[in-house]
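Chain B: place on chain A using the hints.
Number of protein chains: 2
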Amino acid sequence: MVEILIAEHAGFCFGVKRAVKLAEESLKEAKSRIFTLGPIIHNPQEVNRLKNLGVYPSNGEDFKEGDTVIIRSHGIPPEKEEELKKKGLNVIDATCPYVKAVHEAVCKLTEEGYFVVLVGEKNHPEVIGTLGYLRACNGKGIVVETLDDIKEALKYEKVGIVAQTTQNEQFFKEVVGEIALWVKEVKVINTICNATSLRQESVKKLASQVDVMIIIGGKNSGNTRRLYHISKELNPKTYHIETAEELEPEWFANVKRVGISAGASTPDWIIEEVKNRIKEICSGQLVS
Amino acid sequence: MVEILIAEHAGFCFGVKRAVKLAEESLKEAKSRIFTLGPIIHNPQEVNRLKNLGVYPSNGEDFKEGDTVIIRSHGIPPEKEEELKKKGLNVIDATCPYVKAVHEAVCKLTEEGYFVVLVGEKNHPEVIGTLGYLRACNGKGIVVETLDDIKEALKYEKVGIVAQTTQNEQFFKEVVGEIALWVKEVKVINTICNATSLRQESVKKLASQVDVMIIIGGKNSGNTRRLYHISKELNPKTYHIETAEELEPEWFANVKRVGISAGASTPDWIIEEVKNRIKEICSGQLVS
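Order-wise, the sequence lines are chains A and B. One gets the working numbering by counting positions in the first sequence from 1 and adding 24 to each. One gets the working numbering by counting positions in the second sequence from 1 and adding 24 to each.
Honestly, the hints are just simulated from the structure, not real lab data. Fair warning: there could be bad hints in the mix.
It does not matter which identical chain is meant; a pair holds if it fits inside one copy or across any two.
[As the list claims (entries may be wrong)] Once the Cα atoms are required to be at most 20 Å apart in a straight line, the calculated DMTMM-like pairs of lysine to aspartate or glutamate come out as: (1) K182 - E128; (2) K179 - E193; (3) K182 - E257; (4) K164 - E176; (5) K261 - D91; (6) K182 - E209; (7) K303 - E270; (8) K208 - E193; (9) K182 - E193; (10) K208 - E128; (11) K45 - E89; (12) K124 - E209; (13) K261 - E27; (14) K228 - E193; (15) K179 - E257; (16) K132 - E32; (17) K175 - E266; (18) K303 - D91; (19) K132 - E209; (20) K132 - E181; (21) K228 - E297; (22) K175 - E209.
This is chain A alone, in the form it adopts within the complex (with noise of 0.2 Å):
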């Protein structure tokens, strides 16, 4: 028999499957239609399995009192959230607890009388949201996203940094290292979310323990390649796919153990039907 593993850390994030979860929940109990603000997750299938359920996407313009609302693990300004409930709607809040912390940490530094600094890209939503909250603190701050923006920081005495969750290291270092060399007070809470560096940490540990390794995510998914490259590195057996259809008996002869990762927008649900075609395959395979 095949023996197949999973990556420990392997495709959505805490964040996005408890969103999904809430989601589903919330058909349960039903008794309006049920909308997400925005797509709960850029992977158009999984969109697809949450509107044939009865969660459909929406902008916001269709929303009728005692509709259900679900606000997406990224979070919106506090504002918007009031504005939804003043139209009578029935909001569910599945806001990402570490984007939640995020929200508290821009708060609770300006409390303590800190300029704040996200490092973030400025149009992305979850930075969106968090501006909120720092207006509704009546809180200062900026975005950075390139070196150059530090210096409205650079005019404070005491600036305090936080990074979007799905922020870059590298940039964050660099931005703090820079800050703290001008200004006389700095703190710092690092917000950044483990969760990629968890899903290529746990690709590292299986690929060399598994005769195949195949990466499911889109084939022009940043995060998705990264992990196919950092598995190929340690296993020249590793495929990158897309859907189930796309294995290929061949790459399953002799094979005993196959490992399975994927990328940031995989729904459990695909890696499993990954999981049960390579059965299907090995099991009409004589294996050595």
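Quick look at chain B alone, frame taken from chain A:
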């Protein structure tokens, strides 16, 4: 007439100037022998000048009750100061206020629950003094001299970072960035003194405004050589000397404006000697 301009920041830093002044003032009220605990500055001429006035460098072995002891700008551990006082010595604390700020910072960080990282040289007298203050306020911490040293700090959730006042900025930046990546919360109090960078900025300003630049300081003094190179780039007629005797009259032929700067170990009176010698040279010449 030749015009001689001295760089706004040149020679001794604020802390060393202050220590020398305190030593000179102690002479006025002296009813006892006066010592400095260690040489007051890394400049034999200045140490000799003070010795001739009656202030002797000492390692402490020859102290007797009633003697006056000056703590130099580097500072010392509080238990060491206590020991001096118990011996019945008259202690004059010439610790640089910027170094005192580091002592206060490590205790403030300790109170706030931070494990302390002091970026600096393990055997530097200033660092040894600061570690004494950290012990005295029951703080925990380490000195970080190479990036390898940070490992111990990564075990803690809250790390507070300060620096030896003469710390290299680039390394400080790297340490802060690296620790901020690995630790949940980091507070940085930048205790690096800007004397060195002010001295360099002043040379930059002056060099291009004068016909000739004279840089005074030890030929093997790193900070003096750096001043020389900065000036030389902006003004090819830059000369590096140790004393007034090295001045060559031909450097000042047809010269209207002369600029002077000096490294960190050069006392004002040596700068004055150079200035006066240049005046003498130029007054004996025809200026076009």
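Structure-based check of each hint:
1. K182 - E128: Both. Shortest intra-copy (18 Å) and inter-copy (17 Å) distances satisfy the 20 Å Cα cut-off.
2. K179 - E193: Result: close only across copies, 19 Å inter versus 25 Å intra.
3. K182 - E257: neither (45 Å within a copy, 36 Å between copies)
4. K164 - E176: within (11 Å within a copy, 35 Å between copies)
5. K261 - D91: neither (49 Å within a copy, 80 Å between copies)
6. K182 - E209: both (5 Å within a copy, 15 Å between copies)
7. K303 - E270: Result: close within a single copy only, 14 Å intra versus 88 Å inter.
8. K208 - E193: The answer is between: 13 Å across copies meets 20 Å, while 23 Å in one copy does not.
9. K182 - E193: This pair counts as between: shortest inter-copy Cα distance 19 Å, intra-copy 22 Å.
10. K208 - E128: between (23 Å within a copy, 14 Å between copies)
11. K45 - E89: neither (24 Å within a copy, 78 Å between copies)
12. K124 - E209: Between copies only: 16 Å across chains, 25 Å inside a chain, cut-off 20 Å.
13. K261 - E27: within (16 Å within a copy, 78 Å between copies)
14. K228 - E193: within (19 Å within a copy, 36 Å between copies)
15. K179 - E257: neither (46 Å within a copy, 31 Å between copies)
16. K132 - E32: Neither. Shortest intra-copy (34 Å) and inter-copy (42 Å) distances fail the 20 Å Cα cut-off.
17. K175 - E266: Neither way: K175 and E266 sit 43 Å apart in one copy and 40 Å across, limit 20 Å.
18. K303 - D91: neither (43 Å within a copy, 89 Å between copies)
19. K132 - E209: For K132 and E209, both the intra-copy (16 Å) and inter-copy (12 Å) Cα distances are at most 20 Å.
20. K132 - E181: both (17 Å within a copy, 17 Å between copies)
21. K228 - E297: Neither, since 23 Å and 68 Å both go past 20 Å.
22. K175 - E209: within (16 Å within a copy, 23 Å between copies)
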